[in-house]
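Novice: Listed here are the chains, written in short residue letters.
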Amino acid sequence: MADLSINFAGIKSPNPFWLASGPPTNTAGQVIRAFDVGWGGAVWKTVGEPIVNTASRYGGIDLGAQKLMGFNNIELISDRPIEDNLREIAEVKKRYPRHAVIVSLMVETKRGVWHEIVKRTEDTGCDGLELNFGCPHGMSERGMGSAVGQVPEYTTMITEWVKEVARTPVIVKLTPNATDVARIAEAAEQGGADGMSLINTLNSVMSVDLDTFAPRPAVRGKSSHGGYCGPAVKPIALHMISSCAQRVRIPISGIGGISTWQDAAEFIALGARSVQVCTAAMHYGFRIVEDMIDGLSEYLEAKGFSSLSELERRAVDNVTDWGNLDLNYKIIAAIDAEKCIGCHLCYVACEDGAHQCIEEYPKASGGNGALRVPRVIEEECVGCNLCALVCPVDGCITMQQVETGLAPMSWNERARQQRQEAGIAYTPSLWGGEI
Amino acid sequence: MALVNIAPKLPPEEYEQRFADINPRLTRQQALLESARCLYCYDAPCIKACPTHIDVPSFIKKIATGNLKGSARVILTANILGESCGRVCPTESLCEGACVLNAEGQKPVEIGSLQRYAVDYVLDRDIRLFQAGKSNGHRVACIGSGPASLACAADLAKWGYEVKIYDRNKLPGGLNTYGIAAYKTRAQDSLREVKLVEELGVKFEQGVEVGKDVTLSELEARFDAVFVGVGLGETWALNLPGEELEGVWGAMEFIELTKTRPFETVDVGCRVVVIGAGNTAIDAATAARRLGAEHVTIVYRRGEPEVPAFKYEYELAQKDGVVFHWNTQPVRVAGHGRVEALECVRTRLTEAGSAHGRGRSARLELLPGTEFAIPADMVVRAVGQQPLVSLLKTARGLVIEDGRVAVNPETGQTGNPKYFAGGDCVNGGREVVDAVAEGMRAARGIDAWLAAKQVSRE
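As given, the protein sequences belong to chains A and B, one line each in that order. No gaps in the numbering here: position 285 of the first sequence is 285 in this note's numbering, and each next residue is one more. No gaps in the numbering here: position 170 of the second sequence is 170 in this note's numbering, and each next residue is one more.
Hints were generated in silico from the structure; no laboratory data involved. Check before you lean on any hint, since a few could be wrong.
[Said to hold, decoys possible] The following label-pair restraints were derived from C-beta to C-beta distances:
| # | chain 1 | residue 1 | chain 2 | residue 2 | range |
| --- | --- | --- | --- | --- | --- |
| 1 | A | T260 | B | N102 | 42 to 52 Å |
| 2 | A | G285 | B | G133 | 52 to 62 Å |
| 3 | A | Q356 | B | V389 | 25 to 35 Å |
| 4 | B | R125 | A | A55 | 56 to 66 Å |
| 5 | A | G383 | B | K319 | 51 to 61 Å |
| 6 | B | G397 | A | L210 | 42 to 52 Å |
| 7 | A | E290 | B | Q17 | 58 to 68 Å |
| 8 | B | N102 | A | Q356 | 26 to 36 Å |
| 9 | A | G285 | B | P262 | 31 to 41 Å |
| 10 | B | Q17 | A | L210 | 39 to 49 Å |
| 11 | B | R125 | A | D209 | 13 to 23 Å |
| 12 | B | D43 | A | Q420 | 45 to 55 Å |
A virtual CB, placed ideally from N, CA and C, is assigned to each residue, including glycine.
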């Protein structure tokens, strides 16, 4: 069996699956149950001066039959006394010496206050600290959470304060509510962070009750912007992680809509060393980790990888600037007439929404009449993928590579060549690419 | 009816359970999940498969978005009897049979159930979706108040016609009210749909038999056009010796009792034999079983492969414990004053007159020496209904071919230009949805004909 264990900046964990800081890691009872069913680590729900929460706190978006495609919350950090949390953390760590117990922290922006909480927390024997610079709601109004994580200078400063006294690895949790998250990641690294975790939740208003006009989640008819997460945010998280992975050296703990082993493997391939899960555990319970571990092991074995380190960062360099993409790579859609069920969704999508390259049956001449198979006008097809994306039948529409006989040529290369042929001097764009 | 060996009566709640809706209304969650399964095909095959061309993806999408009133409007605009069609259509050979999910090996979207779900929403709440059009001064009479006339009348009323429906029954709705198995739809369900037509200002003259209480020439004089939607008449006789014995029933007449009376007042024999294996025979056989008959037998002169009932109807009868005697031809109803047995003989399909001695057109041969008797307290004839030829023949110019009124396939116009026709009397007995489609076709035909007449006069 493939080795799933990891060493995250000195924090050892039997597998990369950690529960993210949030409602599932609020108490010792929960974390114990989670460890018992296989979670490798847990980031304790943010400890700080206790707050008071509202009712309600959570909102959801369903997509068709799928509940909670997106989820948000306006819950704040732990509402339990600091000493209760610390006592339970110590108990859990004692009972599970080989699991990763990391404590999320958030206190007011004062050096002495941070020093004190770090010392008290590390006295529990925890394996590491996660600085919550990401929480976008409530706490940010009090100058904490994302109010820190949106300003590189504050991020560096507080990280430095923590590192002045910390004896365990320090992870900085980043907010996606920043123009350039990697810039904040660099600031954290500069402040001495040993690792980073991202993404925290995105600012959001979940929905509006069209009878009462109360936004959701509603608190006596009103709401506040909350933190958005769940499967819907995964692509945003993947982008941000790859961007950080290219610009900083410290390990990354990936967060954002992870519900399956495939999700986890993608995060790891794009630069994460551990992954954190919250919404999926809130939806289905801790048991989901069983298939995450099982599926990831099977995958590693199938790929011939003996450990996770062979998967880590494997896709990072494949995320590049648009200007580096090959303009001479050509693919066109192919419809498998045997598999086509005749729904014509590809036709209408291409006709109305893309590039008018599919002929509807019966206009199409090549199709099987009984099944109304549409026809790709190959000479018109731009290879955009839309038809394959809307097709409800697995493997029915595939994008086939067409040999153009042309050598690969990116926009940057093309522009450079044209510039050189015209004898024009190179003036880089604001971002460095060719214009 | 003077049956002797009457099946023991059951408690009223037991009858209600046995005749409970066989396909109960979807819950909100079920409807949402099912509507989410619809792929929202472009130029969808289900629309084409529906005789009334309901825009299925559109109404299902509206269910998914919670716009139930809009969904019902899409359905009822195309088919005013969308609710009962949702219940009784043979959807697996119409819309659901055309659903592209079949081709992927999935269950088709439950279009019929979703359709009923959406229409029930507006019927439950008495939401009025349609209004009578501004009067155009034209008057149309419809004969019969079944699905064809209702559909014809509804469209005409929307376009400003003054429409009066003449029907010989006490209650309107025709077959929908009187002739569909009670576990599929009850009379009150049909009457809710009739109300949709009444709300458009259509007048109903119930208990009036055209040809007797009012003559065709009177109608011709009072109306600009006449729509004939009379359906079919009584069940065909078998012309068997003993058919006049007490306890011999027509299937339609038997089913009608279950639709108009409390179940506990409908007597059924302990041993019932139904002759014929079409959908109506199944309705009669299952009704007899559910009313408490101990032994219900269907005799059919051809074999199981030729069974004319829809597959799900046949399976329903099997589930209800109905016994089938294939290749069995009744020859005599035996008894003294009342039915005691049905005497039969075995048959064989012969090569002559058909391909390989199979199929419903193959000729039958009686096998001598195979005579046997099935003891019975009640015999139900279910061999199809007779056309109402006597009435139809009194209309000048109407052409009756093979018991059916001949019409222009584009307009529903008959040999007499003032008469239009649709439904069972034209198609020989098909589905409710076909009757609706033909009623609507005739409405368009009447509108075009009267408009053209007006133009030529001006």
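Novice: The structure should be examined with respect to each hint, and the outcome stated for every one.
Specialist: The hints, checked one at a time:
no.: 1; hint: T260/A / N102/B: 42 to 52 Å; in the structure: 30 Å, violated
no.: 2; hint: G285/A / G133/B: 52 to 62 Å; in the structure: 59 Å, holds
no.: 3; hint: Q356/A / V389/B: 25 to 35 Å; in the structure: 57 Å, violated
no.: 4; hint: R125/B / A55/A: 56 to 66 Å; in the structure: 33 Å, violated
no.: 5; hint: G383/A / K319/B: 51 to 61 Å; in the structure: 54 Å, holds
no.: 6; hint: G397/B / L210/A: 42 to 52 Å; in the structure: 58 Å, violated
no.: 7; hint: E290/A / Q17/B: 58 to 68 Å; in the structure: 44 Å, violated
no.: 8; hint: N102/B / Q356/A: 26 to 36 Å; in the structure: 29 Å, holds
no.: 9; hint: G285/A / P262/B: 31 to 41 Å; in the structure: 52 Å, violated
no.: 10; hint: Q17/B / L210/A: 39 to 49 Å; in the structure: 41 Å, holds
no.: 11; hint: R125/B / D209/A: 13 to 23 Å; in the structure: 21 Å, holds
no.: 12; hint: D43/B / Q420/A: 45 to 55 Å; in the structure: 52 Å, holds
This entry does not satisfy hints 1, 3, 4, 6, 7 and 9, going by the numbered hints stated previously.
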